[in-house]
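Turn these sequences into a full structure, and let the hints steer you where they fit.
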Amino acid sequence: MFETINMKILLPELILICTGLAVILLDLVLRKKETVAFIGVAGALLSAYYNFSLMSLGWSGAVFQNMFVLDGYSSFFKLIFYISLIITIFISLNYIKTERVSSGEYYSLLLFSASGMMIMAGAADFMVLYLGIELMSLSLYILAGIMRERRTSNEAAIKYFFLGAFSSAFLLFGISLTYGLTGTTSIIEVAEALNRLGPAGRNITLIAVIFFVTAFGFKVALVPFHMWAPDVYEGAPTSVTAFMSTGPKAAAFAVMGRVLFYAFGALQLQWSAIIEPLSIVTIAVGSILALSQTNIKRMLAYSAIAHAGYASIGFLPGTQEAFAAMINYLMIYIIVNLGAFAVVVIMRREGIMGEELSDYSGLAKKNPLVAFLMLIFMFSLTGIPPLAGFIGKFYIFMGAVEAGYTKLVIAAVIFSAVSAFFYLRVVVYMYMKEAAEPSVLIVPHSVKLVLAFTSIMAILLGIFPSVLLDFARASLLG
Amino acid sequence: MRDGDAIRIDIYRWIVSGNFSVSIGILIDRLSSVMLIVVTSISSLVFIYSIGYMHGDKGYARFFSYLSLFVFSMLMLVLADNFLLLYFGWEAVGLCSYLLIGFWFEKKSAADAGKKAFIVNRFGDFGFGLGVILIFLTFGSLEYMKVFSGAGAALGQTVNIFGHEVDTITLICLLLFCGAMGKSAQVPLHVWLPDAMEGPTPVSALIHAATMVTAGVYLVARCNPLFSLSSTAMTTVAVVGGTTAVFAATIGLVQNDIKRVIAYSTVSQLGYMFLALGVGAYSAGIFHLYTHAYFKALLFLGSGSVIHAMNNEMNMQKMGGLKKYMPVTYATFMIASLSISGIPGLAGFFSKDEILWRAYLAGEGSGRILWMLATAAAFMTAFYSFRLIFLTFHGSFRGSAEQEHHLHESPAVMTVPLMILAVGALAAGWVGIPPLLLEHGDRIGEFLAPVLGHPAGEGLHSEEMMVMGVSVLVSLAGILAAVIFYIKKRDLPERTASAFKPVYTMLYNKYWADELYEKILVSPVLRMSDKVFLGFFDGRLIEGIVNGIPSFIGSFSRGLRKMQTGLISSYAFMMAAGMLIILGMFFFF
Numbered sequence: 001m002f003e004t005i006n007m008k009i010l011l012p013e014l015i016l017i018c019t020g021l022a023v024i025l026l027d028l029v030l031r032k033k034e035t036v037a038f039i040g041v042a043g044a045l046l047s048a049y050y051n052f053s054l055m056s057l058g059w060s061g062a063v064f065q066n067m068f069v070l071d072g073y074s075s076f077f078k079l080i081f082y083i084s085l086i087i088t089i090f091i092s093l094n095y096i097k098t099e100r101v102s103s104g105e106y107y108s109l110l111l112f113s114a115s116g117m118m119i120m121a122g123a124a125d126f127m128v129l130y131l132g133i134e135l136m137s138l139s140l141y142i143l144a145g146i147m148r149e150r151r152t153s154n155e156a157a158i159k160y161f162f163l164g165a166f167s168s169a170f171l172l173f174g175i176s177l178t179y180g181l182t183g184t185t186s187i188i189e190v191a192e193a194l195n196r197l198g199p200a201g202r203n204i205t206l207i208a209v210i211f212f213v214t215a216f217g218f219k220v221a222l223v224p225f226h227m228w229a230p231d232v233y234e235g236a237p238t239s240v241t242a243f244m245s246t247g248p249k250a251a252a253f254a255v256m257g258r259v260l261f262y263a264f265g266a267l268q269l270q271w272s273a274i275i276e277p278l279s280i281v282t283i284a285v286g287s288i289l290a291l292s293q294t295n296i297k298r299m300l301a302y303s304a305i306a307h308a309g310y311a312s313i314g315f316l317p318g319t320q321e322a323f324a325a326m327i328n329y330l331m332i333y334i335i336v337n338l339g340a341f342a343v344v345v346i347m348r349r350e351g352i353m354g355e356e357l358s359d360y361s362g363l364a365k366k367n368p369l370v371a372f373l374m375l376i377f378m379f380s381l382t383g384i385p386p387l388a389g390f391i392g393k394f395y396i397f398m399g400a401v402e403a404g405y406t407k408l409v410i411a412a413v414i415f416s417a418v419s420a421f422f423y424l425r426v427v428v429y430m431y432m433k434e435a436a437e438p439s440v441l442i443v444p445h446s447v448k449l450v451l452a453f454t455s456i457m458a459i460l461l462g463i464f465p466s467v468l469l470d471f472a473r474a475s476l477l478g
Numbered sequence: 001m002r003d004g005d006a007i008r009i010d011i012y013r014w015i016v017s018g019n020f021s022v023s024i025g026i027l028i029d030r031l032s033s034v035m036l037i038v039v040t041s042i043s044s045l046v047f048i049y050s051i052g053y054m055h056g057d058k059g060y061a062r063f064f065s066y067l068s069l070f071v072f073s074m075l076m077l078v079l080a081d082n083f084l085l086l087y088f089g090w091e092a093v094g095l096c097s098y099l100l101i102g103f104w105f106e107k108k109s110a111a112d113a114g115k116k117a118f119i120v121n122r123f124g125d126f127g128f129g130l131g132v133i134l135i136f137l138t139f140g141s142l143e144y145m146k147v148f149s150g151a152g153a154a155l156g157q158t159v160n161i162f163g164h165e166v167d168t169i170t171l172i173c174l175l176l177f178c179g180a181m182g183k184s185a186q187v188p189l190h191v192w193l194p195d196a197m198e199g200p201t202p203v204s205a206l207i208h209a210a211t212m213v214t215a216g217v218y219l220v221a222r223c224n225p226l227f228s229l230s231s232t233a234m235t236t237v238a239v240v241g242g243t244t245a246v247f248a249a250t251i252g253l254v255q256n257d258i259k260r261v262i263a264y265s266t267v268s269q270l271g272y273m274f275l276a277l278g279v280g281a282y283s284a285g286i287f288h289l290y291t292h293a294y295f296k297a298l299l300f301l302g303s304g305s306v307i308h309a310m311n312n313e314m315n316m317q318k319m320g321g322l323k324k325y326m327p328v329t330y331a332t333f334m335i336a337s338l339s340i341s342g343i344p345g346l347a348g349f350f351s352k353d354e355i356l357w358r359a360y361l362a363g364e365g366s367g368r369i370l371w372m373l374a375t376a377a378a379f380m381t382a383f384y385s386f387r388l389i390f391l392t393f394h395g396s397f398r399g400s401a402e403q404e405h406h407l408h409e410s411p412a413v414m415t416v417p418l419m420i421l422a423v424g425a426l427a428a429g430w431v432g433i434p435p436l437l438l439e440h441g442d443r444i445g446e447f448l449a450p451v452l453g454h455p456a457g458e459g460l461h462s463e464e465m466m467v468m469g470v471s472v473l474v475s476l477a478g479i480l481a482a483v484i485f486y487i488k489k490r491d492l493p494e495r496t497a498s499a500f501k502p503v504y505t506m507l508y509n510k511y512w513a514d515e516l517y518e519k520i521l522v523s524p525v526l527r528m529s530d531k532v533f534l535g536f537f538d539g540r541l542i543e544g545i546v547n548g549i550p551s552f553i554g555s556f557s558r559g560l561r562k563m564q565t566g567l568i569s570s571y572a573f574m575m576a577a578g579m580l581i582i583l584g585m586f587f588f589f
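Protein chains in written order, with the working numbering: chain X, 1 to 478; chain W, 1 to 589.
Be a bit skeptical, because a hint or two may be false.
Sample of chain X residues lacking proximity to chain W, with all beta carbon distances greater than 12 Å (derived) [as the list claims (entries may be wrong)]:
#1 Thr-35
#2 Leu-163
#3 Ile-288
Facing chain W, a subset of chain X residues (Cβ under 10 Å, in silico) [what the hints assert, rightly or not]:
#4 Leu-10
#5 Tyr-262
#6 Ala-273
#7 Leu-289
#8 Glu-434
Think of the hints as simulated: they come from the structure by calculation, not from any bench.
In this text, a Cβ means the ideal position worked out from N, Cα and C, and glycines have one as well.
Right, here's the structure in full:
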């Protein structure tokens, strides 16, 4: 009758949520504010440790009447979230002091948001999925507006909140349509019901799929559901932008993959046909609009949009192999993007915003190492071999070509060349222009660690791509 | 290794996707081990020598980092077990040569020479790149093993080029040979090599002896299973090689720049190697590559020692009598010159004799012509080598008093590598003594046979004796002529030069090859790029496209930006509209 709830499977999420709560409380008593950040990191590491030891012990499985699962799929995405969370905490240490953000709320919201993502990745039921999305998003809305004194930050939060609510409406509409048709909210049962129904009710299902794609398209910022992204990315604190453009994006891809592949696998041809035009339009708009940006955060926002377009190409073939290429791409993208944002974060100093491209003039003379690392990140985002970004794109494109999407890939490669313009413009500013002001750049130790990790990964994953790709493939199987 | 087994190690696969895979794999067989000996031994000596030679240069660290990268690239090239990795090494070698030749980039001639080497090599590499692509299209793989084992099956296949059916194997070989011609400085792509001496002298030694120019010879030898299937390609290789051997040797006769003489000598000797490859005597070609590496590195490092002592003077007419100031340099230089001239017992004799003999065997008609070309080149080689010796080390000093005061032997860090190389120049040939003189003497030929096979053709002992005798006589005659011209009758060179004024001028100006390229290639290209490309294409079309597309994209981008109103309501409208369009796409179209 009663299923014994196997709490072990929930342990990774529970640890992270408890850490978040602990951080709020401890912030009130602890004098040294960095300590809470390190408690956050420790909580994330402990959570990761439990997650992967459970996996290696083979204790994966489902709880709450199959509403929540721990499997290879969710674990791969959780790894992305942990990396995104920990790196964000590291780059925030000095940054939020400069911006005078209260640390207790900030770090706990980051932790809650990451818990939301983990729930999304493990959701096997639409209700849990929705719960996860809202937990993640609500935390992000507050994080975007956490610089209370600054108008742009408030504006970002309000915009993000309203539009996010709007997209939730689409999601709920999609869920209710599916429920009306199949009588269940469980992802596996939906798939079974759709198989049973056969062609009957296909049109209703298709409408539901379109609603789902709209809602998820909003979260990953696919054109035309992307409009919020540049404004929010620009207005939010830089460290939060770094976080938003990586973890939540990957989380949205996780649920999108889960829903499309597992629930609506029967409609693969249809949803591929929906995503195909979206992906190329997203790449085009992201690349073209990035060209005319002078603010680096805004430029990276459009770059993030374009990358979401590239990643979504991985859905099109509908094969396991292509999907593995996609999650491989996401992992590479978030690591490299976090590296780039780490540089953007240290450009913000007392009295200097450091967000304009012109602020990067002469960086190579001032701080050759940081400039060189930024060059690696920009090259990798462009997709220049042998860096990781190239590998990510290569496998995505290769999968699409093998599935017959040659024209799409040609267009994507052309826009990839266009994107070289705005990425390499940063390099031009750093290396070929004279510095405007002689201010020094101080790189905190925590950021040094982040830069070292991300740049080494950007190079190693380019030279030894099979390590990550094999891991991605294995994750999809178990 | 002893029983001819090859060691293949797949270090790892970089990209695997479907039937396309890129692996980083190395192959050590008998051919690559000979190459390894050459590359590593010469380059380590060059490294040691450079410690002395580059002492005090402000780019000291930069020099050694480039040099290491150069050697690394060459080792990659030699060790690769597939064409892609070979291509990587090939291009990396090209890049490093550019960096090193233009090492003193403040000097315009050095920067120009660097560019020249790079651009001339582009011509060859373009063909090479196409060849690699064609190999992949034909065999579906770039691995040596698969390509060479599939070569027989591909025989008779044709490719359609502008309506002409061309034999695939021949085309592949010719395209690969294009690359080899560029790297190994064969006519007409030889022009970069003599200019390459603008780089520091140790670099010249490395380029000329071990790392760069041997790549082309190695490539052809490595691809022998392909080349052997195409008689057209083989003939082309032999003819280009033979022509280059004579052509470059004639230029070497009259040059006054010490390094330039040696540079043309390299071009000429490379011609020999290709001649050997072209007649199917692959092991003879590699054998000559191996012996040549020692005496040529010695010649270059020796000339570097001279230049060092002469305070960067390179004109031989301003030298003379250096024998007594630089005994070690003189003695080692002498050994190298005797070796390259083909005096019996020294390294150069055995390998050159083998090539001459194989050319002689290559056939009644064409083989004899090739043999005569090669023999003529041998005469000239002996002549210009000893002309160099006599002008530099004998007679009286013709430079300024200041230079004379400054003359000194180089430090031990430079002379010791010279002495070690002298041993090589003396003895390296002893692994390839013709069976005629010593039973089982041709050890290197036997060693390479599992990879390169046995050359075809057998001749009579008497014929072989004749070829050998002629070669020795011709060498001695060359040296004798040099003695007459530059020791006995010192006015003879000038009289000859004025008597054969047109010939002399032509040779002195290197057949005007540079000027010819300047006229028919460089200046039309420049003019065309200036007028047509810069004026029309660049000014209108490209500028139009480059500025037009961005300005179009820019205005498009600004237009799109207008949609980014910042108003929540319009964003929400876009979302809803977007969703409705997708819905409409499915239900109304």
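So which of the earlier hints does this model not fit? Violated hints (numbers, rising): 2, 3, 4, 5, 8; every other hint is consistent with the structure.
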